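Here are the chains, one letter per residue:
There are 2 protein chains.
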Amino acid sequence: MRYFLYFAYDGTNYHGWQIQPNAITVQQCLEEAMQTLLRQPTPVTGAGRTDTGVNARVMVAHFDTDTALPEPATFADRLNRLLPPDIAVYRCVPVTSEAHARFDATSRTYKYYIIDHKSPFAERYAWRYRGTLDFEAMNTAAEKLYSYIDFTSFSKLHTDVKTNNCRITHARWEKEGEGYTFTITADRFLRNMVRAIVGTLIEVGRHKITVDDFCAIIEGKNRGLAGTSMPGKALFLHDVSYPEDIFNV
Amino acid sequence: MRYFLYFAYDGTNYHGWQIQPNAITVQQCLEEAMQTLLRQPTPVTGAGRTDTGVNARVMVAHFDTDTALPEPATFADRLNRLLPPDIAVYRCVPVTSEAHARFDATSRTYKYYIIDHKSPFAERYAWRYRGTLDFEAMNTAAEKLYSYIDFTSFSKLHTDVKTNNCRITHARWEKEGEGYTFTITADRFLRNMVRAIVGTLIEVGRHKITVDDFCAIIEGKNRGLAGTSMPGKALFLHDVSYPEDIFNV
Chain B
45 MRYFLYFAYD GTNYHGWQIQ PNAITVQQCL EEAMQTLLRQ PTPVTGAGRT
95 DTGVNARVMV AHFDTDTALP EPATFADRLN RLLPPDIAVY RCVPVTSEAH
145 ARFDATSRTY KYYIIDHKSP FAERYAWRYR GTLDFEAMNT AAEKLYSYID
195 FTSFSKLHTD VKTNNCRITH ARWEKEGEGY TFTITADRFL RNMVRAIVGT
245 LIEVGRHKIT VDDFCAIIEG KNRGLAGTSM PGKALFLHDV SYPEDIFNV
Chain P
45 MRYFLYFAYD GTNYHGWQIQ PNAITVQQCL EEAMQTLLRQ PTPVTGAGRT
95 DTGVNARVMV AHFDTDTALP EPATFADRLN RLLPPDIAVY RCVPVTSEAH
145 ARFDATSRTY KYYIIDHKSP FAERYAWRYR GTLDFEAMNT AAEKLYSYID
195 FTSFSKLHTD VKTNNCRITH ARWEKEGEGY TFTITADRFL RNMVRAIVGT
245 LIEVGRHKIT VDDFCAIIEG KNRGLAGTSM PGKALFLHDV SYPEDIFNV
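First to last, the protein sequences are chains B and P. Positions 45 to 293 (our numbering) are the ones given, in order, by the first sequence. Positions 45 to 293 (our numbering) are the ones given, in order, by the second sequence.
Incorrect hints may have been included.
[Claimed, not checked] Simulated pairs of lysine to aspartate or glutamate, EDC-like, Cα-Cα distance not exceeding 20 Å:
| hint | chain 1 | residue 1 | chain 2 | residue 2 |
| --- | --- | --- | --- | --- |
| 1 | P | K155 | P | E187 |
| 2 | P | K277 | B | E167 |
| 3 | B | K155 | P | E222 |
| 4 | P | K188 | P | D121 |
| 5 | P | K155 | P | E220 |
| 6 | B | K206 | B | E222 |
| 7 | B | K219 | B | E167 |
| 8 | B | K206 | B | E167 |
| 9 | P | K155 | B | E222 |
| 10 | B | K277 | P | E167 |
| 11 | P | K277 | P | E187 |
| 12 | P | K206 | P | E167 |
[To be verified] Derived CB-CB ranges, DEER-like:
| hint | chain 1 | residue 1 | chain 2 | residue 2 | range |
| --- | --- | --- | --- | --- | --- |
| 13 | P | T89 | B | L113 | 26 to 36 Å |
| 14 | P | P116 | B | T89 | 33 to 43 Å |
| 15 | P | T207 | B | H161 | 34 to 44 Å |
| 16 | B | N57 | P | K206 | 18 to 28 Å |
| 17 | P | T176 | B | I68 | 50 to 60 Å |
| 18 | P | T150 | B | Q62 | 51 to 61 Å |
| 19 | P | P116 | B | D257 | 32 to 42 Å |
| 20 | B | H161 | P | T56 | 52 to 62 Å |
| 21 | B | H161 | P | T150 | 53 to 63 Å |
| 22 | B | R83 | P | T176 | 25 to 35 Å |
[What the hints assert, rightly or not] These stretches of chain P come out as covered by chain B in the derived footprint (C-beta under 8 Å, 3 or more residues):
| hint | segment |
| --- | --- |
| 23 | 48 to 56 |
| 24 | 76 to 85 |
Hints were generated in silico from the structure; no laboratory data involved. Keep in mind that this is a model prediction, so the values were computed, not measured. Ideal Cβ placement from N, Cα and C applies to all residues, glycine included.
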């Protein structure tokens, strides 16, 4: 039996999602709690990986069990009691046996939060900029993302993916709460991509580069051309979408 | 010259507002930053004290200078650069020489946040309850607060105040964000009062006591009768009001 787990985490105290030696990761915490509950090693496969310090409002992972869980909702509750306060499971739902949290995801949405003033409460999850940003120019540049598919310029070097092609379907800055939020949706994202895009858009907002320069950076297909990667604490994996039929069990 | 300072703080890492030996407090951090900027010891007098772990979205304090600050707004910015990230000054405004942050405050508003589910992001500033609470009964009880003035039952013992009389003008639970928020406004509050009121209202919400019991607790004027004091992390000093004329400088 295969299940999807929907959960959230505050990435502050984790070296990202993916299990790695000598560092605490979210995947490791989750697998340890699963092993305690199911009494056997139970690998979980995430919808993607998040880097150190990056948060997830919604992350999805799949796992398999030998026998059906009597009550998936209760299982989520029991898992929550074992997990630390900064990881919370929302739902556990049965899916078809071939459903895959990573390969079946049709879109992912990330949000990046920035504020323009000191704020004790927002600053844990937002990046503070000094001065003013031209959000109109940043949105003009963001719209250009829809016209491209190869985002090599915004990808970490030497990753193991076969293609750097992504279809970005939404990319926009909006005033929200105490500051501005950048929301970006695509079928897939390359490693480091959102933070590199945000860093480059901020250069547009500071009038260090023009919208045309922004396009030239994408067309250059060279990571060295783009802006710096932004801090992880202000980045949230916000949602992951799947086709309905994988839930028809 | 006298000034009012408006600021916010995350109380997580502080032993409350008021200076005390062998513990870091918000007042101490603020006075240290003031001394650095003004090059002389500069006491600040707060609108009230908050206890260990309690947060302030708006706190007000007054201080005096020998000569007028050339630019109060710039002074606030410079103060912010000296203060840690969990204390943020919003405004510095001149007031009349007799204006007093504590004695002139006409009302204070506190908020208490509770949630009914595990949440990595909300839980830093909210108290989580398990089970269900009868918010209708809690609001019926909260309305009774308007009929009383002596709140000895909700006050910490052995405090140095002359009277336990307060005029509560607003007290209500409302659904907000991920959970419920209790908003309470009064001319003044006794030490520990909001957290004791919330703890007792939660006993009403759990049907451990009735609304009549709640009234009897107030009428008993005995702290031993009321519910337990709730954790500080979910309590926010939300606002402090002053008469307009103290700003006519």
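Given the hinted pair P:K155 and B:E222, is their Cα-Cα distance within 20 Å? Status holds; Cα separation ~19 Å.
With a cut-off of 20 Å on the C-alpha distance, tell me whether B:K219 and B:E167 pass. holds, 16 Å
Per the hint of 50 to 60 Å, is the separation of the Cβ atoms of P:T176 and B:I68 within bounds? violated, 35 Å
Are P:T150 and B:Q62 spaced within 51 to 61 Å by their CB atoms? holds, 55 Å
CB-CB spacing for P:T176 and B:R83 relative to the 25 to 35 Å hint: holds, 32 Å
Within 20 Å, alpha carbon to alpha carbon, are B:K277 and P:E167? This hinted pair holds, its Cα atoms lying about 17 Å apart.
Tell me if the beta carbons of B:H161 and P:T150 are separated by a distance inside 53 to 63 Å. violated, 27 Å
When I compare C-beta atoms, does the segment 48 to 56 of chain P have three or more residues closer than 8 Å to chain B? holds (count 3)
With a cut-off of 20 Å on the C-alpha distance, tell me whether P:K155 and P:E220 pass. holds, 11 Å
For the pair we were handed, B:K155 and P:E222, check the Cα-Cα distance against 20 Å. holds, 19 Å
If you draw a straight line from the CA of P:K206 to the CA of P:E167, is it 20 Å or shorter? Cα-Cα ~37 Å, so violated.
Quick check: does the Cβ-Cβ distance between B:H161 and P:T56 fall within 52 to 62 Å? violated, 20 Å
Hint violations for this structure: numbers 4, 6, 8, 11, 12, 13, 14, 16, 17, 20, 21, 24, all remaining hints satisfied.
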